[in-house]
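Let the sequences and hints guide you as you build the complete structure.
Quick note, the sequences are listed as chains A and B, same order.
Numbers 0 to 125, taken from numbering that gives the first Met the number 0, label the letters of the first sequence in order.
Numbers 0 to 461, taken from numbering that gives the first Met the number 0, label the letters of the second sequence in order.
Calculated directly from the structure, the hints in this document are not laboratory data.
Here the structure is a predicted model, which means the values were calculated and not measured.
A few of these clues could be false.
Stated by the list, open to error - Pairs of lysine-lysine, DSBU-like flavour, derived with a Cα cap of 30 Å:
no.	chain 1	residue 1	chain 2	residue 2
1	A	Lys23	B	Lys104
2	B	Lys369	B	Lys330
3	B	Lys287	A	Lys15
4	A	Lys18	B	Lys294
5	B	Lys115	A	Lys37
6	A	Lys37	B	Lys332
7	B	Lys286	A	Lys18
8	B	Lys209	B	Lys115
Said to hold, decoys possible - Which bits of chain B does chain A cover? Going by a derived footprint, with three or more residues having C-beta under 8 Å, they are:
no.	segment
9	218-226
10	232-246
The C-beta atom is built at its ideal place from N, Cα and C for all residues, glycine as well.
What follows is the residue order along each chain.
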Amino acid sequence: MVRRILVIDDEAGFTKLLKMNLEKTGQYEVRIENDSMKALNAAHEFLPDAVLLDIVMPGLDGGDVAAQMQAEPLLQHIPVIMMTALVSQEETSQDAVAQAGAMNILPKPVNLDVLLRCLEEVLSQQ
Amino acid sequence: MLWVSESKFRFLLVKNDQSQQTGVTTPVKRGDDAEFGQHSREVAYLEAVIDNLPVGLFAKDAADDYRFVLWNKKQEEITSIPRDQALGKNDTELFSPDSATYFRKVDELVLARKRKFEVSEEIVDTPESGEVWLHTIKVPIEDVEGQRTLIVGISEDITEQVHAREQLAALNDNLTEANQELQTTQLQLIQAEKMESVGRLAAGVAHEVKNPLALLLLGVEYLSGGIDPSDPNVEEILTEMREAVDRADKIIRGLVDFSSQRQLAMVPTQLSELVERSLLLVRHELKKDNVEVEKRFAEGLPDLKLDSAKFEQVLVNLLINAIHAMEDTLKPKLEIILASSKLQGLERDQGLRTADHLRNGDEVILLTIKDNGGGISTENLQKVFDPFFTTKATGVGTGLGLSVVRKIVELHNGAIEVENRLLGGVQITITLKVPKSESEQVDTKEGMQAQSSQVLLNKIKE
Chain A
0 MVRRILVIDD EAGFTKLLKM NLEKTGQYEV RIENDSMKAL NAAHEFLPDA VLLDIVMPGL
60 DGGDVAAQMQ AEPLLQHIPV IMMTALVSQE ETSQDAVAQA GAMNILPKPV NLDVLLRCLE
120 EVLSQQ
Chain B
0 MLWVSESKFR FLLVKNDQSQ QTGVTTPVKR GDDAEFGQHS REVAYLEAVI DNLPVGLFAK
60 DAADDYRFVL WNKKQEEITS IPRDQALGKN DTELFSPDSA TYFRKVDELV LARKRKFEVS
120 EEIVDTPESG EVWLHTIKVP IEDVEGQRTL IVGISEDITE QVHAREQLAA LNDNLTEANQ
180 ELQTTQLQLI QAEKMESVGR LAAGVAHEVK NPLALLLLGV EYLSGGIDPS DPNVEEILTE
240 MREAVDRADK IIRGLVDFSS QRQLAMVPTQ LSELVERSLL LVRHELKKDN VEVEKRFAEG
300 LPDLKLDSAK FEQVLVNLLI NAIHAMEDTL KPKLEIILAS SKLQGLERDQ GLRTADHLRN
360 GDEVILLTIK DNGGGISTEN LQKVFDPFFT TKATGVGTGL GLSVVRKIVE LHNGAIEVEN
420 RLLGGVQITI TLKVPKSESE QVDTKEGMQA QSSQVLLNKI KE
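Pasting the structure below:
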């Protein structure tokens with residue numbers, strides 16, 4: 000069964016390659032949203048099985064997007080994996096992740112194997 | 000007592016009077032007593048005049064091995080050699096061998112050229128006063144037959160002036176040294192402040208580098224599964240990877256340039272390029288705080304002579320300040336404007352701190368950075384450039400930022416002005432002079448060469 004993944008990240012090149020990699024496995028269908036302001040709309044339209052969410056974005060940041068999703072009955076059950084290039088402990092602490100309602104956080108550069116395992120894990124818990 | 004032999008004195012008077020007809024020219028005892036009485040009074044009078052001259056006066060007979068035939072009172076004072084010891088002797092017998100050789104050379108030159116010779120500064124060793132500096136003029140005086148020549152000299156003691164000048168030069172050296180030390184300290188201060196900025200920027204820069212790295216890793220993952228020649232993604236991935244490497248390289252290079260420590264190195268630079276580079280360094284902060292950046296750069300602006308690393312420090316500092324000032328702004332917006340202008344209505348108290356370097360009519364480039372943050376209170380506006388002034392919490396900033404910014408702008412002979420905008424926020428304007436055109440620079444150089452030729456000529460004359 001092909002799972003639907005929504006990637007919300009303003010880094011266009013990165014999301015493009017992420018999509019290619021995930022779709023190459025044949026297990027995922029990926030939609031990209033580079034504008035975090037449109038993230039909620041995209042989630043409503045696409046109704047993904049999981050969301051990959053960047054933290055530092057112009058407009059709404061990852062925490063804002065996750066909080067908005069939490070507030071939407073239709074979206075609050077969707078697991079969120081956060082990805083970030085932030086380096087400080089403080090910024091990427093699990094507290095911040097919990098606050099944002101995300102289950103996992105992956106540091107950038109993202110190791111594809113780790114990401115795939117993480118996705119399988121959160122999807123299996125559905 | 001007569002202090003020159005009569006025949007020598009007569010010889011002097013003959014030449015000076017240019018006439019053999021007058022009685023004055025005949026000092027030898029001859030004719031009636033009345034005539035001689037008149038004559039001796041004149042001699043005595045002349046003798047008094049010569050002795051009371053405020054300059055040393057001497058004469059040497061070139062035909063008699065340059066022995067002294069005249070030596071006035073002032074000359075005694077200057078050289079501390081009494082007249083009775085000097086008369087009938089030459090320089091070799093009176094002065095050190097070096098001085099004597101030098102005096103003889105000048106005398107021979109005067110004799111050969113048959114005209115006045117001026118030595119602005121010469122040094123003579125005297126038995127009592129030690130080294131004495133003299134300003135001396137020597138003239139050749141021939142007798143009517145052109146057989147004998149006297150070298151007559153006037154010497155002025157300029158020892159005090161020379162010493163004063165030397166003291167002044169030493170003071171000047173000390174001042175130059177102190178100034179250099181001050182400049183070194185300033186550069187150290189600038190560097191210290193810069194390293195603090197580097198620390199502040201490091202996390203942001205790391206973030207900016209990690210993003211291209213993340214892309215690269217995904218590219219590697221994709222391609223390592225084996226490359227299918229018919230896969231259209233491959234080319235796209237490679238292009239993205241190349242761009243990611245460029246981007247990471249640019250950011251890291253920017254940080255390295257920014258943190259480098261050098262002396263001031265002014266090179267022709269496009270200010271707009273520096274602004275772009277600085278924006279890249281603070282890109283993370285801009286993105287994090289969702290700051291809109293509006294750039295309005297006039298086209299075809301001339302290069303400015305800038306130290307790019309130091310000036311980038313100015314820009315990064317101002318940009319970070321502006322971003323921090325807009326933390327509570329709903330829609331933070333930064334406007335950066337580059338325009339050329341002719342300086343007008345310049346007043347010293349308008350905040351142009353280095354007005355000495357900028358003049359009305361100068362062609363300048365104006366860099367304006369506007370934010371729409373909370374602005375600065377009137378009270379604090381006076382203090383923003385003071386060292387250690389900060390509105391940030393203890394430990395957040397050193398308070399050196401803007402004072403160092405101003406120092407760097409001043410090192411570029413520019414001016415910086417901070418003011419509140421009417422509708423909120425702060426406007427910072429940096430005024431930088433456009434260097435004069437190549438041709439004008441050449442003119443100046445030629446002017447300087449002409450000036451140094453004049454100096455050289457003076458030296459030769461001396």
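Hints versus structure:
no. : hint                  : in the structure
1   : Lys23(A) - Lys104(B)  : violated, 100 Å
2   : Lys369(B) - Lys330(B) : holds, 14 Å
3   : Lys287(B) - Lys15(A)  : holds, 22 Å
4   : Lys18(A) - Lys294(B)  : violated, 33 Å
5   : Lys115(B) - Lys37(A)  : violated, 97 Å
6   : Lys37(A) - Lys332(B)  : holds, 21 Å
7   : Lys286(B) - Lys18(A)  : holds, 23 Å
8   : Lys209(B) - Lys115(B) : violated, 83 Å
9   : 218-226               : holds (count 4)
10  : 232-246               : holds (count 6)
Violation of the numbered hints given earlier is confined to hints 1, 4, 5 and 8; the remaining hints are satisfied by the structure.
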